[in-house]
Amino acid sequence: MTVVAIDMTNGGHKPVTIALAGNPNSGKTTIFNALTGSRHHVGNYPGVTVEVEEGSFRHKGHEVTVVDLPGTYSLTAHSADELVARNYVMHEDPDVVVCVLDSSNLERHLYLAVQFMELEVPVVLAFNMSDIAGAKGQDIDTSLLSRFFDARIVSLVGHKGVGLEVLKDTIVEVSDQEHPRKPTYISYGREVEAELSRLIPRLEETSLDYGIHPRWLAIKLLEGDESVTTYVKDVCGESSDVLSELGKSVNRINVHFGDTPEVVIADGRYGFISGACQEAVNMTVETRHSMSDRIDELLTSNILGIPIFLGLMYLLFKMTFTMGEYPMVWIENLFSWISSTVVQSWPEGVADPMRSLIVDGVIAGVGGVLVFVPTIVLLFFAIALLEDSGYMARAAFIMDGLMHKIGLHGKSFIPMLIGFGCTVPAIMATRMLESRRDRLSTMLVLPLFSCGARLPIYTLFIGAFFADKWRTPMLMMIYLIGIAIAVILARLLRATLFKGEAEALVMDLPPYRLPTFKGLMEHTWDRAWLFVRKAGTVIVVISMILWVLTSYPKPGEDKLEGLNAEDAAQVELSYSVAGRIGKSFEPVMKPVGFDWKTTTALIGAVAAKEVFVAQLGIVNSLGEGGATSEPLREVLRRQYSPLQAFCIMLFCLISVPCAVTVVATWKESGAWYWAALQAVGLTLLAYIITFIVYQGGMLIGKVV
Amino acid sequence: MKDLCRWISRNEDAGKADPPAAGGEATVSLRDMKAGESATVVEIHGGGGLVRRLASMGILPGVRVRVVKNSGSIILAIKDNRLVIGRGMVKKVLVKPEE
Chain A
1 MTVVAIDMTN GGHKPVTIAL AGNPNSGKTT IFNALTGSRH HVGNYPGVTV
51 EVEEGSFRHK GHEVTVVDLP GTYSLTAHSA DELVARNYVM HEDPDVVVCV
101 LDSSNLERHL YLAVQFMELE VPVVLAFNMS DIAGAKGQDI DTSLLSRFFD
151 ARIVSLVGHK GVGLEVLKDT IVEVSDQEHP RKPTYISYGR EVEAELSRLI
201 PRLEETSLDY GIHPRWLAIK LLEGDESVTT YVKDVCGESS DVLSELGKSV
251 NRINVHFGDT PEVVIADGRY GFISGACQEA VNMTVETRHS MSDRIDELLT
301 SNILGIPIFL GLMYLLFKMT FTMGEYPMVW IENLFSWISS TVVQSWPEGV
351 ADPMRSLIVD GVIAGVGGVL VFVPTIVLLF FAIALLEDSG YMARAAFIMD
401 GLMHKIGLHG KSFIPMLIGF GCTVPAIMAT RMLESRRDRL STMLVLPLFS
451 CGARLPIYTL FIGAFFADKW RTPMLMMIYL IGIAIAVILA RLLRATLFKG
501 EAEALVMDLP PYRLPTFKGL MEHTWDRAWL FVRKAGTVIV VISMILWVLT
551 SYPKPGEDKL EGLNAEDAAQ VELSYSVAGR IGKSFEPVMK PVGFDWKTTT
601 ALIGAVAAKE VFVAQLGIVN SLGEGGATSE PLREVLRRQY SPLQAFCIML
651 FCLISVPCAV TVVATWKESG AWYWAALQAV GLTLLAYIIT FIVYQGGMLI
701 GKVV
Chain B
705 MKDLCRWISR NEDAGKADPP AAGGEATVSL RDMKAGESAT VVEIHGGGGL
755 VRRLASMGIL PGVRVRVVKN SGSIILAIKD NRLVIGRGMV KKVLVKPEE
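Listed in order, the protein sequences are those of chains A and B. Under this note's numbering, the first sequence has 682 at position 682, and the numbering climbs by one with no breaks. Count along the second sequence from 1, add 704, and you get the number used in this note's numbering.
What the hints contain is simulated information worked out from the structure, not anything from laboratory work. Any given hint might turn out to be false.
[What the hints assert, rightly or not] Here are the in silico distance ranges between beta carbons for each label pair:
1. A:SER389 <-> B:GLY776: 19 to 29 Å
2. B:GLY750 <-> A:LYS583: 51 to 61 Å
3. B:GLY750 <-> A:ILE483: 50 to 60 Å
4. A:ASP468 <-> B:HIS749: 51 to 61 Å
[Unchecked claim] To be clear about the criterion: a stretch of chain A counts as covered by chain B if any three or more of its residues have a C-beta under 8 Å from a C-beta of chain B, and this derived list gives those stretches:
5. 59-69
6. 292-302
7. 399-406
[As the list claims (entries may be wrong)] Here are a few chain B residues that face chain A, going by a calculated C-beta distance under 8 Å:
8. ALA730
9. GLY740
10. ALA759
11. GLY792
12. LYS795
Treat the numbers as computed from the prediction; the structure is a model and nothing was measured. Every residue gets a Cβ at the ideal spot worked out from N, C-alpha and C, and that includes glycine.
Sequences are here, hints too, so could you generate the full structure?
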């Protein structure tokens, strides 16, 4: 917890910290953005692996810090997100928890709110999407509900900003009041209460200090909450009175209700909520889903579901990459213009290495990052469109069967699809997966879904080595090999590193909604900015290091005398660190069919895969040739066999992804070792597979 | 307030809920339900984690559900909600079909 000194500029008003909580589709993010504007940053809390966004606003002299907790359905310790939300509230002690609820789906959303109340923090209920509830003919008596739940209620229409000022007022007012911590008032019925009153005195005898009333601990113990149970075991020992009493209580409840305590307790909560809603909510007929159900008849139909899904995806991504082309070219042109301007205005012969560092290192590096931005923005826009309209949940439903066989979640399919365009946004899209295990196993295999930047490599080699009629099947084969390896690897990861029951897919199927432009823009902007901010700096450093590796040390002037520009570039690259590494690795790479030129070009390709083609041009004294450059193909044909060409493509497909991907994995997984595992693991795998293919191919060649 | 806190059946439109069947009388798993059929959830096979997770989504014994679609994975209607239940989970939810 940050220690907050009283800031005199606040005029004596105390600073307020609030936590924003809610179900994943409660419109929480919209309210977070509306409250805090653009004042965001990523908060750091000990033990928090999931990112927690933080923002702030000023209201009536108070500086209010808003912590955006991950969206969850409950506060069990079931997923990382849930644990983060719970631990934050328990350990960081926010002044107010604002629980955002979908008013048109009150009972389900109140289930989470009630669990926050059980944590004994002051809760403000934000009834979002009150316009939809109203349109549905739902009449909510908020003042009555407010009395039932003993919490202030504010009605909101998040995306229109309706009710925001009232929410701010309420937050400030509630935070100003004294809130004695009090145990929850939900009665779980005579039998459960009897067990609780047996357990609580036992808990009070121990030295447990969870910073919370023993009643909560007792409820959690009855519910079988893993993290609380482990905690009690650690402090009191396996054979303590508390635990033996607990065993008896669980048994009695099982016998009495014919159900486990977790069911009985969940029942108690719903019973309370549903009782309150019956009194305070006037519902008319069910209308919300009739239209949606009819659309779903078509979109999730057994026969048409998958074709429509694939068609939509194809359209969306085709559009994304076609539209992304233009701004990409603009950015490339802009940066080459900046480079040439710098080169021209640089005084002749003064500090040449400095000029090269700025032009080839810094400017090229920054350009290398920014060139990704248009595609990323468009892709995130596409994803936001899928999510906000409600189609994403349908896509997960359609793909669940297929993905289940791999041991992954229906939703993992989306990042994989994006991966064919660019792995970086794909890795960032894994956020939509709730479980960390799913997220990591998807992330680690994503580079195998061959990205757009690798296409020029395939075009170059396939064009050089294979006859016309073999070209398309060959390209297909490369892509399919990638998918096959990804599937096998994902299964393997799920069986080893990320062992455990496959995260069961249970999710809301929201009614179809027309996305608002503002909502789409917010989602898109948030994610794109995150990419630039988080990956940007690291990538610039990496591209500068690669620049040093491929340009230093420089050969003496005498070695370059009488050579034309292309030959000079070749001599310089082979003299550089990269060239030397390439040469010294020749014995290692020979068994997979690579000469030093290929290896050297691969080093440069770590910056971005498509650089491989340019680097191959340079090592072969042809300058920076393109993928369709006939002279380069000619040279390649002379030097390599088709088997070698195939092996080079295979290696490029499987081996270490580009630096940007590695950095994205590092940032998204929250730990460098996952990125290292991905980079090293995939490169080793590439080596092994290419080795087998090359040696096998040679053997067959000898026999035939 | 007192009468609110008593155990209230949530399936008001199904009338009074039967107490959960003790001996698997006529229960099937969700997997065996066809689109359009309604049922009352009887039991969830799985650890406490799964039970609590499903409970937080509104699926717990005594709740009335309607199968909107079944193609391995299931789309379920609970009151005015639609939920997707993945392939791995449908067989763990035991229900008593309505006549």
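Going down the list of hints, with the structure as the test:
At roughly 24 Å, the beta-carbon separation of A:SER389 and B:GLY776 lies within the given 19 to 29 Å, and the hint holds. The hinted window of 51 to 61 Å between B:GLY750 and A:LYS583 holds, with their beta carbons roughly 59 Å apart. For the pair B:GLY750 and A:ILE483, the supplied restraint of 50 to 60 Å is violated, since their beta-carbon distance comes to about 32 Å. At roughly 58 Å, the beta-carbon separation of A:ASP468 and B:HIS749 lies within the given 51 to 61 Å, and the hint holds.
For the stretch 59-69 of chain A, the stated coverage by chain B is not satisfied: 0 residues place a CB nearer than 8 Å to a CB of that chain, which falls below the threshold of 3. Counting residues of the stretch 292-302 of chain A whose C-beta sits closer than 8 Å to any C-beta of chain B gives 5, which meets the bar of three, so the coverage hint holds. Interface restraint, the stretch 399-406 of chain A with chain B: holds (3 residues with C-beta to C-beta distance below 8 Å; minimum three). A hinted interface residue such as B:ALA730 counts as satisfied when its beta carbon comes closer than 8 Å to some beta carbon of chain A; here the least separation is about 16 Å, so the hint is violated.
A distance limit of 8 Å between C-beta atoms decides the matter here; for B:GLY740 the minimum to chain A is near 11 Å, and the interface restraint is violated. With 8 Å as the threshold, the beta carbon of B:ALA759 comes within range of chain A, its nearest partner Cβ sitting at about 4 Å, so the hint holds. At its closest, the beta carbon of B:GLY792 sits 5 Å from a beta carbon of chain A; the interface hint therefore holds under the 8 Å criterion. Residue-level restraint check for B:LYS795 is violated (minimum Cβ-Cβ distance to chain A is 11 Å; threshold 8 Å).
Hint compliance for this structure: hints 3, 5, 8, 9 and 12 are broken, all remaining hints hold.
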